[in-house]
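2 protein chains.
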Amino acid sequence: MALYVYKFGGTSVGSVERIKSVAEKVKKVQDQGDQIIVVLSAMSGETNRLIALAKQMQTQPTDREMDVLISTGEQVTVALLCMALHELGCKATSYTGTQVKILTDSAFTKARIREIEDIKIRADLDGGKIVVVAGFQGVDEQGNITTLGRGGSDTTAVALAAALKADECHIYTDVDGVYTTDPRVEPKARRLNHITFEEMLEMASLGSKVLQIRSVEFAGKYNVALRVLSSFKEGCGTLITYEESQMESALISGIAFNRDEAKLTITGVPDLPGVAYKILGPIADANIEVDMIVQNIADDATTDFTFTVDRNNYQRAKAILEESCVELGARKVTGDNAIVKVSIVGVGMRSHAGIASMMFKTLASEGINIRMIATSEIKISVVVDEKYLELAVRALHAAFELDQITAEA
Amino acid sequence: MALYVYKFGGTSVGSVERIKSVAEKVKKVQDQGDQIIVVLSAMSGETNRLIALAKQMQTQPTDREMDVLISTGEQVTVALLCMALHELGCKATSYTGTQVKILTDSAFTKARIREIEDIKIRADLDGGKIVVVAGFQGVDEQGNITTLGRGGSDTTAVALAAALKADECHIYTDVDGVYTTDPRVEPKARRLNHITFEEMLEMASLGSKVLQIRSVEFAGKYNVALRVLSSFKEGCGTLITYEESQMESALISGIAFNRDEAKLTITGVPDLPGVAYKILGPIADANIEVDMIVQNIADDATTDFTFTVDRNNYQRAKAILEESCVELGARKVTGDNAIVKVSIVGVGMRSHAGIASMMFKTLASEGINIRMIATSEIKISVVVDEKYLELAVRALHAAFELDQITAEA
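Protein chains in written order, with the working numbering: chain A, 211 to 619; chain B, 211 to 619.
Extracted from the complex, chain A is given alone in its bound form:
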């Protein structure tokens, strides 16, 4: 007898009919003799509806009350799914985050899970019940309702799988797995049967927004086998584990990209200790996240410093940087917000030389100028002009033979 955690996102429970079809899918697991915990998001659109209401009440709604408000979305779906399961003759009980209890810190709207009580859930499972838990929410030490931030239902599912030592955690979404790249950009993109946590982290943070990154970190940390699959299509999805696939021998697993980048450069900065902090400190203080960072020594006395930020923050970051430029006695600030980041990701590159040069050669042969490079152990990212995005992705997809991967059954 295996124990599964199934998580269904907002579109998967977006209507009465879809909730009923989730109930049928869940019932099958029990019919097979396995135990199951179901984690649900709010019906699609509901969280946005509630946020819109809040914004009408207060320009900047208080975080505590925001959590009281939006946590109702999942409470509605867990009750409805239990009713649908009862209608199918299954025993099922719903739990809010408070009821479980999923203990978090008190960082409203972005709380972190500290501990999960498994007593009630374990007793229900052993009593032949299906346990249905509201995703995305928890409770702090004082009994305040907290939420885990957008996409937090994935985190709830993984945390429950870890706490209850589930055999697999299934994340049902509207895509049927993790792809070698975005099929809207490269129609030859293939679904991966298997990917490692590290690769998934690089893919997720680089813009392949299949899973919330925190849930992948969490799954990796507690070694929870994670499977991404579609609510609407049959298939075995993509399994995410520590093990490297035996079957898929490709050098890289996928190509991620991010259209929302902007690049800022400060040149001629007197090269003194602490200069990086002096440049990035004010940016961080303004709550602007920095992505890639590259520093070059221009000559003996000065350095050039380049970094990327989210395109929404480009103007603010530039203004801050211009102030720093004066203070530091640097030469000038330049920037570009018509750039994108393209990355190749794969644990295979650890053991294979020449991946980087193959990437650069492929881009060069298409006449694509590389504006910035950053590398990690299993990832190489380049910044190129926005207009080259599709060309770069398709050329790399072909060069690394990603369309050749044989999908396993």
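Keep in mind that a hint or two might mislead.
Note that the list lumps identical chains together, so a pair holds whenever it fits in one copy or between two copies.
Result set (SDA-like, lysine to any residue): computed pairs, CA atoms no more than 25 Å apart in a straight line [claimed, not checked]:
no.	residue 1	residue 2
1	K542	T513
2	K339	L263
3	K528	N506
4	K311	I326
5	K238	S225
6	K265	K571
Calculated directly from the structure, the hints in this document are not laboratory data.
Given chain A's structure and the hints, the job is docking chain B onto it.
Frame of chain A, contents of chain B only:
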């Protein structure tokens, strides 16, 4: 410094604008230097929307899950009101029934309050905060969410007023007080400035549905001064206390009526001990509530037995009674579902003789035939043909000079 509990119903919080206007009303209390606890219902329509969703999932949704589902309605409004109060610069905190905690029994969908913890609320009030509590809901010993049944928000308000020893509990509705009778039937109906708990109980149970009857019982039991007033109109509403008014010397306080009655009679029942139980037992077993009961001795050996039920239950009750008729060896069953009940209510009738005869004389002079009579210490009810309802109400309103009451400021 006084402590008030203000309760706002669904229409009073039915839109963003209305919630904002509730916030302004509440702020005024604090600005006057008083403390305030606010109890809210769900936005009007929301509970029905949720019930409709539930019915689509399951023909007969489980009570536990129903409570998980519908308790979200109040959770939404308390968060929104806190945001509106914050926007006005007030300190305010919301609480669900679980958070307070409002401990109830485990009778889902119709739970009864056992105990209210006042620690957190007291601390908040003393810290200058406005406390906003979700009405209608509680939590049982096991941590399950419960609800108090329709109109339960009134009960929450009264229970909080009792637990916190509030000076007054204000129930804001869409009517501006308790009237001598329904103004839609008698346009000369006047608002009462004051009414006793006993009168209010008789008025409420007889169809003047201003307040949920349980909340009035509760208020009477714990001697909570209750005031019914309008969210939308200025005015001092109607105060409900134990004391009889000095100012209003009318013999009766109001005329209540109920259009939803049906009458059933079984005649020629052998008059043996336990016959009433044999007749009403099967009716109660079918969960049909009986209102008026009248028994007459027809002759030495048999008795005639008449009772009224809600018109919706007329056919079912009649079928049951026909079975009993055979079993008991009674003569026959007759019934009428085109009848109404009209009642005069007033503590004044305790000390004044002749109220009943004045009522009967008034009806007789209008040619209205009385089909059934029942009396209590402060109420006289008659059943008449449906077509006479308006005539009876207006004639009694005039006869008892209810249009003469001087409304106090």
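For each hint, the structure was consulted:
For the homomeric pair K542 and T513, the shortest alpha-carbon distance inside one copy (12 Å) is at most 25 Å, but the shortest distance between copies (107 Å) is not. When the C-alpha separation of K339 and L263 is checked against a cutoff of 25 Å, the pair qualifies only between copies, where the shortest distance is 23 Å, while the shortest distance within a copy is 36 Å. For the homomeric pair K528 and N506, the shortest alpha-carbon distance inside one copy (19 Å) is at most 25 Å, but the shortest distance between copies (94 Å) is not. Taking the shortest alpha-carbon separations for K311 and I326, both the intra-copy value of 6 Å and the inter-copy value of 22 Å come in at or below 25 Å.
Taking the shortest alpha-carbon separations for K238 and S225, only the intra-copy value of 20 Å comes in at or below 25 Å, while the best inter-copy value is 42 Å. When the C-alpha separation of K265 and K571 is checked against a cutoff of 25 Å, the pair qualifies neither within a copy, at 50 Å, nor between copies, at 62 Å.
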